[in-house]
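Q: The task is simple: from the sequences and hints, build the whole structure.
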Amino acid sequence: MSQSIGSTSWGRADRSGAGSPVPVDIPSSRRVRRSRFSILEANPEAGTPSKKRRTASSTAVVGPRATVDDLQTSLTLDSSQVVSAFTRNGQQAGSVVQNTPSLTSPNNFINFCATVSVPITNGQQLVGGSCNPAPMGLIPSSENMPSVLISRLFKDSTIQANTTFPVDLSVRNFQGGFFASFSGSFQAAPQTLDGTGNIIGNFHIVIDELDALDSTVPTDSQKFVFFNVIQDAVSDGEISTNVTNGLPEGYYRMTVTPRAANHQPVLVPLVQRGSVNDVAYFTVTASGEPGSTPATTKRSTVPHQPAYIHPRRRVVVPRADSAAQSSTTLLSSVIAPGFAQAQDTTRPGQIPSLTTTNNFINFCATSKLPLTSGTQLRSGFCNPAPMGVLPASTQMPSSKFTYPRNGDVLAPNAPMKVGLALRNLATGNLVNSNTNFMSAPQQLDSNGLIQGRAFIVIETVGTTASVPADPVTFAAFKGMSGEADSTGVITTDMVGLPVGFYRLSSIIVASNGQPVLSPVLQHGAVDDAVYFVVASGGGMPTNQTALPSSSVTTSGSATLSPSPSPTAPAASVPPPTKTNVGVAVGGAIAGVVVVLLAIFGIWLFVRRRNRQAELLVGYPAVLNSEDFGPPPPTPFAPANSSSMSQISSPSAAVVSPSKRTNSGHSNSSPISPRRASVVSAAPSYHTQV
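Be aware that the sequence shown starts at 1, since it is given in UniProt numbering, and climbs by one per residue.
It is possible that some hints are incorrect.
Unchecked claim - Label-pair restraints from in silico Cβ distances: (1) Asn413 with Gly591: 47 to 53 Å; (2) Asn434 with Asp70: 53 to 59 Å; (3) Ser117 with Asn434: 28 to 34 Å; (4) Val592 with Pro290: 41 to 47 Å.
No wet-lab data here; the hints were simulated from the structure.
All C-beta atoms, glycine included, are put in the ideal place defined by N, C-alpha and C.
A: Structure, rendered in structure tokens:
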């Protein structure tokens, strides 16, 4: 049974794009909200996300739609919507920072897709690459930045093979449970906010198979073992779902990412911030008993593709500028007709997409949020820059930390080096984030790779954390400014950290700082995260040479001052003619000191092992070995192969609701297995979309 309520979709279901309300069927089990896509003031009687810090600023920046609907059908960019910041490239005379010049435009890039020789995305998942003219949309305030915590993946870090297990998520500042058609409205509309200023969207869960829990090899984004779009709404800050039928034996990494309603990664107003994603590592064995190991490990080696590939591959480069790139009139050749369609195939829980007949070129006129100025506005803003060029599915990026590795134990306050292996990313590209933040579309280099760079952020996490972290707060943040080496690894130095438990996350962005966009819905994780402990007696990250001022030289061992062996023979000396009391007392004291040093060394070793186990036990994202010591290093060995199999898409996909009860998990029989991935480029065990 369902009930029909008015939901103001930006555009009409009759494709006129005039912005009239569209009746939408919502299952009666859903909490009724004021609107799904409009930017109306919050309805105090409607359901609103819980665990949300309500302030005046969180609602003051969102307002009603513009009354002039003509702008939303006009093929002319309104003069009030032109962003002057898009005309500057961010280069500053005398600057010590070598920024990449930003792409510029006097007309908000409305005809940008006419400069590249790829088809318009048009709401479809085009595995050969495309250009998406849809604008980025509404960016929330820093107080409304979302985050998620995998609060209970399973009871222990080892689970039984081929057995359904639950996943519980704790959610912060996110209006979840809303997803548009992934076959007809994929990335086909801007990001939008609800009445409280939170992003409207859904969560993607992907599980990648690893060769070890502390793997240093970046995964292939075309190969994953599980994928699911959670279509359930957030209830009291929580969402629960199941991994139906479980997984085969092996080592795995689960990544949860918040997405806008049309499945693009969420956009936030700050460069320096904590991760909005969460990651958990776990082991699957036949028995599921803690401490057991998989009978088989990864079934095939993931071929690593270096950061740059052979130049004979498909070339995508901007063509010479023309009058269209300064004209305020939208070219008919770049209009996406699919944007006028609210949804193609009706699926359970699916909502209609925002619609338009003019590529949303005047979308920001519907909001009271200010236009972007190229700066990082903490109060939020509207960004009319188009999403840009999407790479081929063979060129989707991914990353994996090479050091520290997941589960490492480091010494307190000791400088460390961080290494990140990158796959399919043209590194070393970042424009001035103070003047051109998210001020241009995503672009590709001549090899078809996304131009961008990587950031890393370290956050303090608790071993029993129950609420998501606030992205505003973090322990350390840094950009990986250099280019990747011949093995695809980029490194940077970081200051030491105090004793604690930490999560190190990568954030892969395009040149202007927005998260990278992929051409398909279902793909492996782009960003990586590892967990490590800083404790007394810890060592430097694996595969790393100790930096100056470090008090340790090898991983996992403390360095003590050398002392003579208590069993070493004493040198023969002539018998003294008389007893020297001072020498005798000094010798006795020295002997006591030697014994005490030996006892202290043994105590320090035992204490380190106990503390390491104490800090690591109980957290769902750690190694599950008996002594919690790191296994032998896995060398990072890239391969040269970069082939892919042909992708075929079935006519439709099945979307099934996640399991959720007030108590946390359903005891009913598991839902039926989902059909194969809509666009998966490699075999996957099962997908839930």
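Q: For each hint, tell me whether it holds in the structure or not.
A: Here is how each hint holds up against the structure:
1. Asn413 with Gly591: 47 to 53 Å: Given a distance of about 34 Å, which is not inside 47 to 53 Å, the answer is violated.
2. Asn434 with Asp70: 53 to 59 Å: Hint violated: Cβ distance 36 Å, outside 53 to 59 Å.
3. Ser117 with Asn434: 28 to 34 Å: Hint holds: Cβ distance 33 Å, inside 28 to 34 Å.
4. Val592 with Pro290: 41 to 47 Å: 44 Å, holds
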